[in-house]
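The listed protein sequences correspond, in order, to chains A and B.
The first sequence lines up with residues 1 to 182 when you count with our numbering.
The second sequence lines up with residues 1001 to 1262 when you count with our numbering.
Source of the hints: derived by calculation from the structure; they are not laboratory data.
It should be emphasised that the depicted structure is a prediction, and the values quoted were computed from it without experimental measurement.
Careful, some of the hints might be misleading.
Below, in silico cross-link-like pairs of lysine to any residue (SDA-like), each with a Cα-Cα straight-line distance of 20 Å or less [said to hold, decoys possible]: (1) B:K1166 to A:A70; (2) B:K1010 to A:V179; (3) B:K1170 to A:D65; (4) B:K1166 to A:V173; (5) B:K1166 to A:H122; (6) B:K1166 to A:P107; (7) B:K1170 to A:C180; (8) B:K1010 to A:S174; (9) B:K1010 to A:C177; (10) B:K1166 to A:F120; (11) B:K1140 to A:P107; (12) B:K1170 to A:P107; (13) B:K1062 to A:A58; (14) A:K160 to B:I1106.
Between beta-carbon pairs, the in silico distance windows are [stated by the list, open to error]: (15) A:E105 to B:S1060: 38 to 44 Å; (16) A:Y113 to B:N1061: 54 to 60 Å; (17) A:Q98 to B:R1109: 40 to 46 Å; (18) A:E105 to B:K1216: 50 to 56 Å; (19) B:A1180 to A:S127: 16 to 22 Å; (20) B:A1118 to A:P144: 47 to 53 Å; (21) A:S174 to B:F1057: 31 to 37 Å; (22) B:K1140 to A:V173: 34 to 40 Å; (23) B:K1047 to A:N117: 25 to 31 Å; (24) A:G71 to B:E1179: 21 to 27 Å; (25) A:L34 to B:P1090: 31 to 37 Å; (26) B:A1180 to A:L128: 18 to 24 Å; (27) B:G1217 to A:E80: 54 to 60 Å; (28) A:K104 to B:A1180: 43 to 49 Å.
Beta carbons: idealized from backbone N, C-alpha and C, even for Gly.
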Amino acid sequence: MEEKKQCKGCGGALPFVIGFVAALIAGWVLFPDLIYSKKIQPVRFSHKIHAEQGLDCASCHTFRDDGSFAGIPTNEKCAECHADVVGSDPAEKVYVEQYAKTGKEVPWLIYQYQPDNVIFSHKAHESLECTSCHPDMAKNDTPPVYYQNRLSGYSKQTMKMWKCERCHAENGVSNACHVCHK
Amino acid sequence: MSGHAVKEFKVTWGMVIDLDKCTGCGACMTACQVENNIAPMADASNKMRTLSWMLVFELSNKKAAPDAEIAYLPRPCMQCGNPACVPVCPVVATDKNEEGGIVSQIYPRCIGCRYCMAACPYHARYFNWEDPIFPKGMEKALSPNTSARPRGVVEKCNFCHTRFMKAKDKARQEGGNPEALADGAYMPACAEVCPTGAITFGDLKNPEHKVHELAKGENAFRLLEKLGLHPQVYYVSKREWVRKLGDNYAATGHAGAEKKHS
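My request is simple: use the sequences and hints to build the entire structure.
See below:
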């Protein structure tokens, strides 16, 4: 005797909706969470405290004499103020004891680290505000979490090519390949 | 790409190579390999597979002694005004669209079809048959100026383009005009290293640059000028047989087509 399967909803819209929602959750929530490893900076550097001392971006992030950008300052620059502990923040103590006094450079994680074939000139973009591309770090007390793509090794927060191209196009600047690539 | 339109730029980087000064020492080739991170090959005897953005050729007047003469001809990419390689690229990995007139090559975009290599009459383009392998310790001496290329893409001389970008940054830092660099502010590795000063480099359109006059000299010529590709690399030789070889001397019967400055 053949028994006819009777199951309301089995062939209807409900299983489809359930599967669809599950796929959306997997693709939009679980996978992005899995693909990026989360890292925190070796020292809890507070830009906010430094900005409150009256420092601006260029006080520490300087240009070299040849016009290249020095990026994140080295111990030499930091130790101008922090050769010894000057404040009460425990993070400063960590920096002074583990890095400044031992002469070891802090292995900062660079959010904006670009692939090898990209060339970017901070000097050419000097007339823009830092915050037109970077987050407003002056208000930032704890460095944001660094998301690293487990496959490519690149940072999630890095500037994407479409952003560079859009700004160049909007401002009538050349989008020739060699303007940004080497 | 329509017809034989030569793209015009306000700044046109060009090279003038004096073949009477070139001793064929090969310093330009070495400097180029170092500047552009070209890995030494395990077996470089197969010249079909070597990478040499700058290559020195030996020319001979094919006469018996005592009339025998030789000359050496360094060959970078000619950065043609009307490049043959650009319109054939199916993925726009190579283009001539930037101020200065340097023909760009974007390695991650290149699919390795090698149409451009077939199109280039100067054989200035090279294909990576192998992944670059740098001997242990050499990776510390790699230049940050050039990105490494993987197996399967085409590469070529770009007049040490990153040096151009750096020269512009320096000009900005010093309050100069990055769009009108002084003579010598931007210099490719080969021109900088040449011990006899055979290679002169500068803006062909700027009268303050030495190449401006040199390229107009009566002994100046370009390779295969009759093809109409308008190279931005000029050669100079007082010896007529050298100048004749430069144009292969077949089409017109006299050396050098019209000398047009581009």
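Verification of the hints:
no.	hint	in the structure
1	B:K1166 to A:A70	holds, 14 Å
2	B:K1010 to A:V179	holds, 16 Å
3	B:K1170 to A:D65	holds, 8 Å
4	B:K1166 to A:V173	holds, 18 Å
5	B:K1166 to A:H122	holds, 11 Å
6	B:K1166 to A:P107	violated, 26 Å
7	B:K1170 to A:C180	holds, 17 Å
8	B:K1010 to A:S174	holds, 14 Å
9	B:K1010 to A:C177	holds, 18 Å
10	B:K1166 to A:F120	holds, 10 Å
11	B:K1140 to A:P107	holds, 19 Å
12	B:K1170 to A:P107	violated, 28 Å
13	B:K1062 to A:A58	violated, 64 Å
14	A:K160 to B:I1106	holds, 17 Å
15	A:E105 to B:S1060: 38 to 44 Å	violated, 56 Å
16	A:Y113 to B:N1061: 54 to 60 Å	holds, 55 Å
17	A:Q98 to B:R1109: 40 to 46 Å	holds, 43 Å
18	A:E105 to B:K1216: 50 to 56 Å	holds, 53 Å
19	B:A1180 to A:S127: 16 to 22 Å	holds, 19 Å
20	B:A1118 to A:P144: 47 to 53 Å	holds, 50 Å
21	A:S174 to B:F1057: 31 to 37 Å	holds, 35 Å
22	B:K1140 to A:V173: 34 to 40 Å	holds, 36 Å
23	B:K1047 to A:N117: 25 to 31 Å	holds, 27 Å
24	A:G71 to B:E1179: 21 to 27 Å	holds, 26 Å
25	A:L34 to B:P1090: 31 to 37 Å	holds, 36 Å
26	B:A1180 to A:L128: 18 to 24 Å	holds, 23 Å
27	B:G1217 to A:E80: 54 to 60 Å	holds, 56 Å
28	A:K104 to B:A1180: 43 to 49 Å	holds, 45 Å
Violated hints for the displayed structure, listed by number in ascending order: 6, 12, 13, 15.
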